[in-house]
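Novice: First to last, the protein sequences are chains S and Z. So the first sequence is numbered by my numbering: it starts at 7 and just counts up by one. So the second sequence is numbered by my numbering: it starts at 392 and just counts up by one.
It should be emphasised that the hints constitute simulated quantities derived from the structure, not laboratory data. Some hints here could point you the wrong way.
Incomplete in silico selection of chain S near chain Z, CB under 7 angstroms [said to hold, decoys possible]:
# : residue
1 : N46
2 : L47
3 : D93
4 : P108
5 : V109
6 : W137
A short, non-exhaustive set of chain S residues, derived as facing chain Z with CB atoms under 10 angstroms [to be verified]:
#  : residue
7  : M32
8  : D96
9  : L97
10 : R118
11 : I123
These numbers were taken from a predicted model, which means no experiment stands behind them. Virtual Cβ for every residue (Gly too), placed ideally from N, Cα, C.
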Amino acid sequence: MSQPPSFPRNREPGKAKFWVAAFAGMTIMMLAPPVYADSNLPPAYWSDRALPDARQEAQAQELMNELRCLVCQGQSIADSDAELAGDMRDLVRRRIAAGEKPVAIRGWLVQRYGSWISYRPTAEPAAWPLWLAPLALLLIGAWMIRRRIRLKAKT
Amino acid sequence: MTRLGRFAPLIGLGIFLIAVIWRLATPMDTNVSSKLRNQPVPAFVLPPMVAGKPALASVDLATGQPHLVNVFASWCVPCITEVGVLGQLKTRGVAIDGIAVRDLPEDVADFLRQNGDPYERIGSDQRSQVQIALGSSGVPESFVVDSEGVIRYQHIGAIKTSDVGLILQKLEQAK
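All chains, full assembly: derive it from the sequences and hints.
Specialist: In C-alpha cells:
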C-alpha cells in the first residue's frame with residue numbers, strides 16, 4: 007500500500023483564523039436585512055399566495071412576469087420584493103379570481119402607467135423599428151453577400 | 392473602396408460616442424408619470440384613516456372647487472417635511488385631501504400630531520389599490536383635481552416650499 011499523499015500543513019494558524027473570521031463576518035453581513043422605507047403593514051393577502059385554481063394561478067403568473075415593477079424598474083412584479091409590487095400581485099390575483107381576462111388587466115394598467123408597465127412589445131409606431139430591424143439587417147446582409155459574389159466573379 | 396466607405400467606421404464610432412455622451416449628460420428620468428392627466432379621477436371609495444376625520448371617495452373631489460389630493464404615508468420620510476408645506480397651502484385656502492398608503496390609524500394620528508394636519512379628508516388605502524388606480528408609483532405624490540373631478544396635474548415627489556407657487560398656479564388653472 008502506498009502512503010496517502012501528505013498535504014502541506016498550515017504552518018500559520020493565525021492566517022486560517024483570519025479567513026474563518028472574515029468568512030463569518032461576510033456571512034453575517036449578508037444576513038443583515040437591507041433598510042427600506044417600508045410600511046408597518048403585512049404584505050397584502052394575495053401578494054405571495056397562489057390562487058386555489060391552478061389554471062387561474064398560471065394565468066396570473068404569466069401576467070405578473072410581464073408587468074414591470076414601479077419601484078425596482080427592470081424587475082417584473084413577480085420578481086420584486088417591493089411592497090408596491092406585492093400590492094400589484096394582489097391586484098392581479100384578485101381580478102383574475104373575479105374572472106377578469108389578463109388582457110383587460112394589462113390594458114387597465116397600461117391606461118394608467120403607459121405601455122412602459124408591460125414588458126410585452128406592442129405594435130405602436132414607437133416600436134416599429136424594433137420589429138423592422140431584423141428584416142433590415144437581413145436585407146443589408148443579403149446585399150453585402152451579393153456584392154461579394156459579384157466582385158469574386160469579376161476577378 | 393470609396394473615400395466615404397473608408398471613413399464609415401470612424402463616423403460610426405463618432406455617432407456612438409455622441410450618443411453615449413448625450414445619455415450620460417442627460418440621465419434618464421426614472422419617474423413614471425400617470426397617464427390619467429385630463430381624465431376624470433377613477434371611481435373609488437376609501438374607508439376613514441383616523442378617528443374624527445372623514446373618509447375620502449372620488450365623489451368628494453368633484454365639488455365645484457379644485458382639490459389637491461396628496462398620496463402620503465406616515466412611514467415616508469419626505470412626507471414629514473412635505474406636510475408642513477401643505478399646511479402653508481392650506482392657509483392660502485387650498486382644499487387638501489389625503490390618501491394614506493399602507494398605514495395604521497395610530498401611526499397616522501401620531502404623524503399628524505407631530506407634523507401638523509392640513510387634510511380635510513383622509514382615506515385609508517391599505518393595499519395601494521387607489522394609488523395604483525391613480526397611476527401613482529410612490530409616496531409622496533400629489534394630484535391637482537379640478538372643480539369637475541378631472542385630474543389636471545401630477546406632482547411626483549414632495550411638494551417643497553419652492554413648489555408652492557407652481558401648485559397654486561395649477562390650482563388656479565383648475566378652477
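Novice: Any CB of chain Z closer than 7 angstroms to the CB of D93/S?
Specialist: holds, 4 angstroms
Novice: Just to be careful: measuring from the Cβ of W137/S to every Cβ in chain Z, is the smallest value less than 7 angstroms?
Specialist: violated, 22 angstroms
Novice: Does D96/S pass the interface check with chain Z, least Cβ-Cβ distance below 10 angstroms?
Specialist: Cβ of D96/S sits 6 angstroms from chain Z, so the hint holds.
Novice: Double-check M32/S for me: the hint is only fine if its C-beta lies closer than 10 angstroms to a C-beta in chain Z.
Specialist: violated, 30 angstroms
Novice: Minimum Cβ distance from L97/S to chain Z below 10 angstroms?
Specialist: holds, 6 angstroms
Novice: So, as I understand it, the hint says V109/S touches chain Z; can you test that by seeing if any CB pair is closer than 7 angstroms?
Specialist: violated, 18 angstroms
Novice: Holds or violated: is the Cβ of R118/S closer than 10 angstroms to a Cβ in chain Z?
Specialist: holds, 4 angstroms
Novice: Have a go at the N46/S hint: is there a Cβ in chain Z nearer than 7 angstroms to its own Cβ?
Specialist: Cβ of N46/S sits 6 angstroms from chain Z, so the hint holds.
Novice: With 7 angstroms as the cut and Cβ atoms as the points, is L47/S at the interface with chain Z?
Specialist: With a minimum Cβ separation of about 5 angstroms from chain Z (threshold 7 angstroms), the hint on L47/S holds.
Novice: Let's test the interface hint: is any C-beta of chain Z closer than 7 angstroms to that of P108/S?
Specialist: Cβ of P108/S sits 16 angstroms from chain Z, so the hint is violated.
Novice: With chain Z as the partner, please determine if I123/S meets the hint condition of a C-beta pair closer than 10 angstroms.
Specialist: holds, 8 angstroms
Checked against the numbered hints given earlier, this structure breaks hints 4, 5, 6, 7; the rest are met.
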